[in-house]
Amino acid sequence: LLTEAIKRAPLIETILLCLVLALAFYMASWPRLDYPFPLHVDEWMHLGHTTQLLNTGQVNYPNPFHGGQWEVGGHPETGYYLWFGTLLLSTGSDWLVLSRIMPALVLGIIAFVAYAWGRKWGFGLEAAFFVTFIHTTIRFLGPAFLVPVTLGLVFFPVCLILLDKLEQDWRPLPLIVLSLASLFLIHGTTAVALGFVLVVYLVFYLTLSKSPRRQLLPALSCLLLIPVSALVIYLWNRSFVMREIENIINVEHIPLPAIPIPLPQLGYMMLAVVVLGFGFLIARGGWRNYALIIFTAILLFFVQFYRRWFQIGPDILYERGWLYVMLLIALIAGFGLSQLRHSGLELFKRWRWGTPLVYVALALVVAFSLVQRMDGYAKEDYYHVIDIPTYHDFVWIGEELPEGSVALLNPYVGWSFVPISGKYVYTAKAYPWGVEEAREITAFMMAGATDTSWLEERNIDLIYSPFPLKNPDLVEVRDKVYILRKEGG
Amino acid sequence: VDLVVVIILSLALIPLAVFGGGPVSLALGLIFALFFPGYTLAAALFPKRGDLDGVQRLALSFGLSIAVVPLIGLILNYTPWGIGLYTVLVSVLVFIMVMAGIAWYRRRRFTPEQRFEFQFRPRLAQFWGRQNRWDRVLLGLLVVAIIGAIGMLVYVTQPPKVEETFTEFYILGPEGRAENYPRVLALGEKTKVTIGIVNREHEVTEYTVRIIIGGQKVEEVGVIAVAPGGKWEQEVSFAPTEVGENQLVEFKLYKRGGSKAYHVLNLWVDVVGSQ
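Chains A and B are the protein sequences, given in the same order.
Residue numbers for the first sequence, in my numbering: 694 to 1182.
Residue numbers for the second sequence, in my numbering: 252 to 526.
FYI, nobody ran anything at the bench for these hints, they're computed from the structure.
Any given hint might turn out to be false.
As the list claims (entries may be wrong) - Under 8 Å between C-beta atoms, here's a sample of chain A residues computed to sit facing chain B:
#1 PHE718
#2 TYR728
#3 GLY750
#4 ALA797
#5 LEU1033
#6 ARG1178
Beta carbons: idealized from backbone N, C-alpha and C, even for Gly.
Isolated chain A, as found in the complex (with noise of 0.2 Å):
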């Protein structure tokens, strides 16, 4: 039977991909399961903006989340924008079935690159197991949020097998640059830590590489070209680089507190694994090795030291550096796996029942992991931005209300309110930002919204308020919706 199936390894391999591709889309779609929308303000916002971009048509447009006042300059995420309005164009869909596929499909498509990747060395089916464990929560986000950060992700493994093939022709080079151009576009932060473990990646292949097919020319201008594909950024959105190099010049760090270490969540086992990975990377040696082991250890160090001691440097990289550390340690379990497997055979090959033995061993790792991360999933609290009479009060608003409608409404549900109507809100919030205002818009419904000349000064056209509110002047029309009714009117 044995043999039978190691001459048809490639075959069991395929088979298997297939079932780690569906745990992918489980894992993905895990959180909202039971419930029909997106989860965190974040993607509301992306949802926002993105729909506002399709609407006007261009990339600098008026920002919905501040009462449609015109934005001067493009927004950082531009890139993620231009991606899913190009999905919902393609695909002819709402927002709404793509919010819910997409997770899945690009978490899958993360798991299968990592697979393309790990494979030339063995271990892409133990890697692209362990891809499917990246965590999400509300804090650092994830694979199960359709946000740019995630889709950022696709490009790790993407540019590890471009590095691969640029040690023998120069090909890859402009895909490379291409790759991070356009991560720039997508989500900023994510560049930059993937421009980091490029230049690591590239520095031990020109140094201790001692290849004699060595391609010397393409991987030094590639670590040339890495700053010149940030400039794509920089050349098109100027106004928001310089704005961001004023941050991290003066930094204001967002008043949250350190994030608790999230790799116990990954289960035990994984940590394990990710361990002994370690310990077969450092025992087999080599440049390519000693790389990943580096630039995982930084980026490992930057998360949980750099911020807490130093407290300089945007607090972006280190709020989003965990999803970087845990994809990276994620390979570095798979090779863990893959030497296990090696290991065990080679200990066992004189025994007859060695073989099954280390495979049942195997099994059993990939089991109690796989349960440890799922208890971790469980464990772990998201929040509902709206309910389902919600949404179907914004729908009713974005099919009842003029074009370019301003709304009153808690600035937390706000984000939600701009993708379902269509229409603008006087402000929009995510904790911890906007804890004042929040509360001076509260204050002000529970008050019974009177003070009519407040609205019109900030051109309010409706509030949507679950307090009931006493102003002659608003017309209640439906349940907690409220219009300001205009001259004459």
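Following the hints, complete the assembly by docking chain B onto the known chain A.
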């Protein structure tokens, strides 16, 4: 064969995307935006068989498509046509066709043995006949695994069944839009509004609507039976009975058997003797 299939499917997508919706348009649109641009780009750069293995070619097709699509959109932004349905579809299609053309040209420079070609074997019966028992079992398992993976994708992306029950109740102005609600009414003169009910109670529900001014019922509509998921909308007129400023007009929705109003909507009006 592969490049021709890519172009035919891309061309087939355009009318589907324009005329909208459906699972075919969804599946084809996803492939069009997530796979074809990268596939043709990789084919143009790597025309030889040994340039990339099949799995890497597939993986790069996804990754490069994600890289290419935003850049096409950004370029479109600086054209007079902007970013819209036709411009996006046509520009991505043009990119796919140009890259497919380059790939075709570059592949022609190699012998058929050297060039990358998608191997398509339509003789399924012959192929199946060549397999032994183990291969057939594994191929069967592979088919099950593929169907399982697609089935999982379909399952997890289905919206959950909604348990919440509620009713939508609204009033519209004289033109049937949420604007121009009456502000000043003449005593005894009929004024029209449109009342709407959407039943999301998951069962046939009967409603009554009462219009009350100053605590006095001036109009009643119903019993209105609305099917689950159904919508009822009707123009209703009412006339005020007393002169006075800032009179509260209440639109009360009752569910059959309920003594307490299910929803109440408020409209403030001034009632004058004559306009």
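Verification of the hints:
With its C-beta approaching chain B no nearer than about 5 Å, PHE718/A sits inside the 8 Å limit, and its interface hint holds. Taking 8 Å as the C-beta contact cut-off toward chain B, the hint placing TYR728/A at the interface holds, the least distance being around 7 Å. For GLY750/A, the interface hint holds, since its Cβ comes within 8 Å of a Cβ in chain B; the closest pair sits about 4 Å apart. Because the smallest distance between the Cβ of ALA797/A and any Cβ of chain B comes to about 6 Å, under 8 Å, the interface hint for this residue holds.
Interface restraint check: LEU1033/A against chain B, minimum CB-CB distance 23 Å, threshold 8 Å, status violated. Checking ARG1178/A against chain B: minimum C-beta separation of about 6 Å stays under 8 Å; hint holds.
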